[in-house]
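Trainee: For the sequence shown, the working numbering begins at 1 and goes up steadily by one.
To be clear, the hints were calculated from the coordinates, so they are not data collected in a lab. Any given hint could turn out to be false.
What the hints assert, rightly or not - Okay, derived cross-link-like pairs now, SDA-like style, lysine to any residue, Cα gap no bigger than 25 Å in a straight line:
{"hint": "1", "residue 1": "Lys557", "residue 2": "Ser135"}
{"hint": "2", "residue 1": "Lys243", "residue 2": "Gly328"}
{"hint": "3", "residue 1": "Lys388", "residue 2": "Lys687"}
{"hint": "4", "residue 1": "Lys376", "residue 2": "Gln468"}
{"hint": "5", "residue 1": "Lys593", "residue 2": "Ser390"}
{"hint": "6", "residue 1": "Lys687", "residue 2": "Asp742"}
{"hint": "7", "residue 1": "Lys388", "residue 2": "Ala437"}
Unchecked claim - Pairwise CB distance ranges, derived in the manner of DEER restraints:
{"hint": "8", "residue 1": "Asp432", "residue 2": "Trp725", "range": "18 to 24 Å"}
{"hint": "9", "residue 1": "Phe701", "residue 2": "Gly639", "range": "53 to 59 Å"}
{"hint": "10", "residue 1": "Gln456", "residue 2": "Asp595", "range": "54 to 60 Å"}
{"hint": "11", "residue 1": "Thr302", "residue 2": "Met766", "range": "20 to 26 Å"}
{"hint": "12", "residue 1": "Leu641", "residue 2": "Val63", "range": "19 to 25 Å"}
{"hint": "13", "residue 1": "Arg562", "residue 2": "Gly634", "range": "42 to 48 Å"}
{"hint": "14", "residue 1": "Ala212", "residue 2": "Asp432", "range": "23 to 29 Å"}
{"hint": "15", "residue 1": "Arg347", "residue 2": "Phe625", "range": "23 to 29 Å"}
{"hint": "16", "residue 1": "Ala212", "residue 2": "Phe701", "range": "40 to 46 Å"}
{"hint": "17", "residue 1": "Phe636", "residue 2": "Leu721", "range": "41 to 47 Å"}
{"hint": "18", "residue 1": "Asp595", "residue 2": "Pro764", "range": "21 to 27 Å"}
{"hint": "19", "residue 1": "Gly639", "residue 2": "Arg407", "range": "31 to 37 Å"}
{"hint": "20", "residue 1": "Arg583", "residue 2": "Leu515", "range": "30 to 36 Å"}
All values reported here derive from a predicted model rather than from experimental measurement. Yeah, the Cβ is synthetic: ideal placement off N, Cα and C, and Gly gets one too.
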Amino acid sequence: MLNSSKTIALNQLAWLVGLSLSTPLSAHAQTVSTTSTGSLKEVVISGSRSEQYLDDLPISMDVINATEIEDGQIGDIRDAAKYLPNVSVKRAPARFSVTGRGNPVGADGNAGFNIRGQGGNRVVMLIDGVRLPRSYINGSNAFGRDSVSIGLLKRIEVVHGPTSVLYGSDGLAGMVNFITLEPADFLTRSDGTAKAFGGKAWMNYSGDDQGATVGATVAARAGDNAEWSITGTQSRSSALGNKGENDSANVDRTTPNPQSNGGDSLLAKLVFRPTAAQRHVLTVEHVQTKTDVDLLSSRVKTPVAIPLGYAALTAAQKAAAPAAAILGESSVKTMDRSRITWDALYRLNMPMADSVKTAVSWQDASSQDNGQTVLKTAFANDGTRVRKTSYQERAWQGNVQAEKSMRFSPTWSQKLTYGFDYASVDISSFADGSDPAPLTPFVPKRYFPDTRDTSQAIYIQGELISDQWSIVPGVRFDQFSLDVLSQDGYFPGIASAAGKSLSGSAVSPKLGVLLRATPEFSVYGNYASGFRAPEGQQVNSALEVSTARLLPNPDLKPEESRNFEFGLRARTDRMTLDMAVFRATYSNLIVDKKDLGTANGLAASVANPTLFQTVNIDKASISGFEMKGSMAWGTFAAGKLSSPFSYGKTRGTNDSNGLPLNYIEPAKLTAGVKFETSSWDLRLDVKHHAEKTLTELDSVFIPKSSTQLQFTTPSSTTFDLSGQWRIRKDLRLNFAIVNLTDQKYWHWSDVQGLASNPVAPLLPVMDAYTQPGRHLNMSLVAEF
Numbered sequence: 001m002l003n004s005s006k007t008i009a010l011n012q013l014a015w016l017v018g019l020s021l022s023t024p025l026s027a028h029a030q031t032v033s034t035t036s037t038g039s040l041k042e043v044v045i046s047g048s049r050s051e052q053y054l055d056d057l058p059i060s061m062d063v064i065n066a067t068e069i070e071d072g073q074i075g076d077i078r079d080a081a082k083y084l085p086n087v088s089v090k091r092a093p094a095r096f097s098v099t100g101r102g103n104p105v106g107a108d109g110n111a112g113f114n115i116r117g118q119g120g121n122r123v124v125m126l127i128d129g130v131r132l133p134r135s136y137i138n139g140s141n142a143f144g145r146d147s148v149s150i151g152l153l154k155r156i157e158v159v160h161g162p163t164s165v166l167y168g169s170d171g172l173a174g175m176v177n178f179i180t181l182e183p184a185d186f187l188t189r190s191d192g193t194a195k196a197f198g199g200k201a202w203m204n205y206s207g208d209d210q211g212a213t214v215g216a217t218v219a220a221r222a223g224d225n226a227e228w229s230i231t232g233t234q235s236r237s238s239a240l241g242n243k244g245e246n247d248s249a250n251v252d253r254t255t256p257n258p259q260s261n262g263g264d265s266l267l268a269k270l271v272f273r274p275t276a277a278q279r280h281v282l283t284v285e286h287v288q289t290k291t292d293v294d295l296l297s298s299r300v301k302t303p304v305a306i307p308l309g310y311a312a313l314t315a316a317q318k319a320a321a322p323a324a325a326i327l328g329e330s331s332v333k334t335m336d337r338s339r340i341t342w343d344a345l346y347r348l349n350m351p352m353a354d355s356v357k358t359a360v361s362w363q364d365a366s367s368q369d370n371g372q373t374v375l376k377t378a379f380a381n382d383g384t385r386v387r388k389t390s391y392q393e394r395a396w397q398g399n400v401q402a403e404k405s406m407r408f409s410p411t412w413s414q415k416l417t418y419g420f421d422y423a424s425v426d427i428s429s430f431a432d433g434s435d436p437a438p439l440t441p442f443v444p445k446r447y448f449p450d451t452r453d454t455s456q457a458i459y460i461q462g463e464l465i466s467d468q469w470s471i472v473p474g475v476r477f478d479q480f481s482l483d484v485l486s487q488d489g490y491f492p493g494i495a496s497a498a499g500k501s502l503s504g505s506a507v508s509p510k511l512g513v514l515l516r517a518t519p520e521f522s523v524y525g526n527y528a529s530g531f532r533a534p535e536g537q538q539v540n541s542a543l544e545v546s547t548a549r550l551l552p553n554p555d556l557k558p559e560e561s562r563n564f565e566f567g568l569r570a571r572t573d574r575m576t577l578d579m580a581v582f583r584a585t586y587s588n589l590i591v592d593k594k595d596l597g598t599a600n601g602l603a604a605s606v607a608n609p610t611l612f613q614t615v616n617i618d619k620a621s622i623s624g625f626e627m628k629g630s631m632a633w634g635t636f637a638a639g640k641l642s643s644p645f646s647y648g649k650t651r652g653t654n655d656s657n658g659l660p661l662n663y664i665e666p667a668k669l670t671a672g673v674k675f676e677t678s679s680w681d682l683r684l685d686v687k688h689h690a691e692k693t694l695t696e697l698d699s700v701f702i703p704k705s706s707t708q709l710q711f712t713t714p715s716s717t718t719f720d721l722s723g724q725w726r727i728r729k730d731l732r733l734n735f736a737i738v739n740l741t742d743q744k745y746w747h748w749s750d751v752q753g754l755a756s757n758p759v760a761p762l763l764p765v766m767d768a769y770t771q772p773g774r775h776l777n778m779s780l781v782a783e784f
């Protein structure tokens, strides 16, 4: 459990290592192709749902392999996005509220990926091809998408743009596929020969949150046709650091709130080959996290006494009184995700299929947010408000996929991929709590009814291949249904608005073309459409507070997108280069909880509340450019010198009114110099974020204000120095000094909606949203 001591964790790791030493093992080698420079060509599965060289695919994709995960000391999804063009992860500081006025800032931690200007649930996130839970935000509650333990992974694949045909039409922005460790990853020596046993153990320290992680993997071969592996990790950390200096225990605070984080994860895999024509993989995965936050930034500077005549106050005064009397707030957030997956491969060599893959997966993910607010003691009872909110997804997912390769002529061949996807997810959320007198007692409720989200799809993709050309057409037919399972507990304040079911279907075509103009240069283009059905919580969410009302929208329409991309690749003796330009257009883009104003346009009151509703906007468009690569300068002083680089820029417009889309990230440039020898590496990286200007916003004011100006992020340039010392061939020490010059800077996604001139007597708190200052990261990795 999360409250177990680090001694227990070390004992667990020692048990894993001991188990590996007591079991006979053997292994097999794996061969890979190389580029003209001699570097390994990346093999990915996200582009075609089977192993294929990245350079043969007409799409834009980033791959972070096991070596880069270790060398970059990537500890979470925020670290994974740091150097990727047009990719980011929001991580606002924990300054949310538990009760009172809805404020979810930082409650979702690492909120999820943003790719080419779109984020949230418009990015499909998978682990071993299995969909991860979606995010959910309501009032002060926010549950993000950081449910993956990086220590269980061997590769991260990030697809830029829709992945409609093979992985689902709802990935309008792109896809992130986390690939977990396999037994074979540890059962082969560096020279390709088999090992009797294998594994590794590691320890990490991250200075930005004073975090420590320990982990180990053991792998074994049981006989001639079975392999297994077990990986376990445990981590502990504090709040993410910043450059704030105000340590006041009230709303003016800019230093981080006291925070304690913990996480445990376990991955077990069994690979079984009953015959040469079959391969079965059973995977069991469990990840759990816990975060305790003392929300000092919620405390009022000068507590306001609640009048004895509380009952005679107006509704607006009653609503404001508790917020003005907060003496303290705290929150305990937990996340548990468990998964069991069975994958099978059958080599058939039949007229309809050379091979068939099947996958069946069960996953249960639940998040809990328990918080309390201590109010001024003028209240009766103990003066404490309590809130307990849960969000759960329980899913069954299945897939059957066939592949067939054919040769039409000496110069042309075809690979056909076709299959069927099915997913059924039961989604529920429940809010419980209590309020002290004289406040109105809290009524337990569901803000949206329990819902079953079912999707089924058939898809087919062809790959016509010659020495120079790859032509990849495909089409997918999706059918979805949102079925309300129960109205029980659905928010009783809007009893007349029963939860509604919804269903629909769509056809999503795509076409990709790649031309290998020369052995070193290729160009590609692709078109893909996307289709994203509304979520149950978007259709049926309902909420009433004193002067505001959130309305359900049973008429919500699915989002649709059209995406065009053109790219260039270069693979020379000195340089690797990937460039792409893209444009995506959206119709019926869903905007969550849009402020509709009051019904009569007058000031909000209990009788005339401000109305909010999740709605469709007519049209939007996003376009941009991205580039990445590396330049090899040659050998100097017995070492290799190279320069990696990347650049990404995106622009977005709400085409219904011609105004910018606020959530578009500023341009990001990264460049570095790396020196590698046989025993050590040293690398210096520079990262530049362009400024976010007021001209890139639809308003100079924050939402719901005509006086408070939106804070915009200035440009910033930071340096990171990192290296690796290979102490022995099986022992490595990695280090990094991050933000070498101790720069003070912000990320735009963290501060969107933050005022630079808050209403007096509040002081500006922009420094609370700054990124960590200079800090040290270290890791020690031992293989056996």
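Trainee: Hint by hint, note whether the structure agrees.
Mentor: A quick look at each hint next to the structure:
{"no.": "1", "hint": "Lys557 with Ser135", "result": "holds (20 Å)"}
{"no.": "2", "hint": "Lys243 with Gly328", "result": "holds (24 Å)"}
{"no.": "3", "hint": "Lys388 with Lys687", "result": "violated (41 Å)"}
{"no.": "4", "hint": "Lys376 with Gln468", "result": "violated (75 Å)"}
{"no.": "5", "hint": "Lys593 with Ser390", "result": "holds (20 Å)"}
{"no.": "6", "hint": "Lys687 with Asp742", "result": "holds (13 Å)"}
{"no.": "7", "hint": "Lys388 with Ala437", "result": "holds (19 Å)"}
{"no.": "8", "hint": "Asp432 with Trp725: 18 to 24 Å", "result": "violated (53 Å)"}
{"no.": "9", "hint": "Phe701 with Gly639: 53 to 59 Å", "result": "holds (54 Å)"}
{"no.": "10", "hint": "Gln456 with Asp595: 54 to 60 Å", "result": "violated (36 Å)"}
{"no.": "11", "hint": "Thr302 with Met766: 20 to 26 Å", "result": "holds (23 Å)"}
{"no.": "12", "hint": "Leu641 with Val63: 19 to 25 Å", "result": "holds (23 Å)"}
{"no.": "13", "hint": "Arg562 with Gly634: 42 to 48 Å", "result": "holds (45 Å)"}
{"no.": "14", "hint": "Ala212 with Asp432: 23 to 29 Å", "result": "violated (34 Å)"}
{"no.": "15", "hint": "Arg347 with Phe625: 23 to 29 Å", "result": "violated (42 Å)"}
{"no.": "16", "hint": "Ala212 with Phe701: 40 to 46 Å", "result": "holds (43 Å)"}
{"no.": "17", "hint": "Phe636 with Leu721: 41 to 47 Å", "result": "violated (19 Å)"}
{"no.": "18", "hint": "Asp595 with Pro764: 21 to 27 Å", "result": "holds (24 Å)"}
{"no.": "19", "hint": "Gly639 with Arg407: 31 to 37 Å", "result": "violated (46 Å)"}
{"no.": "20", "hint": "Arg583 with Leu515: 30 to 36 Å", "result": "violated (20 Å)"}
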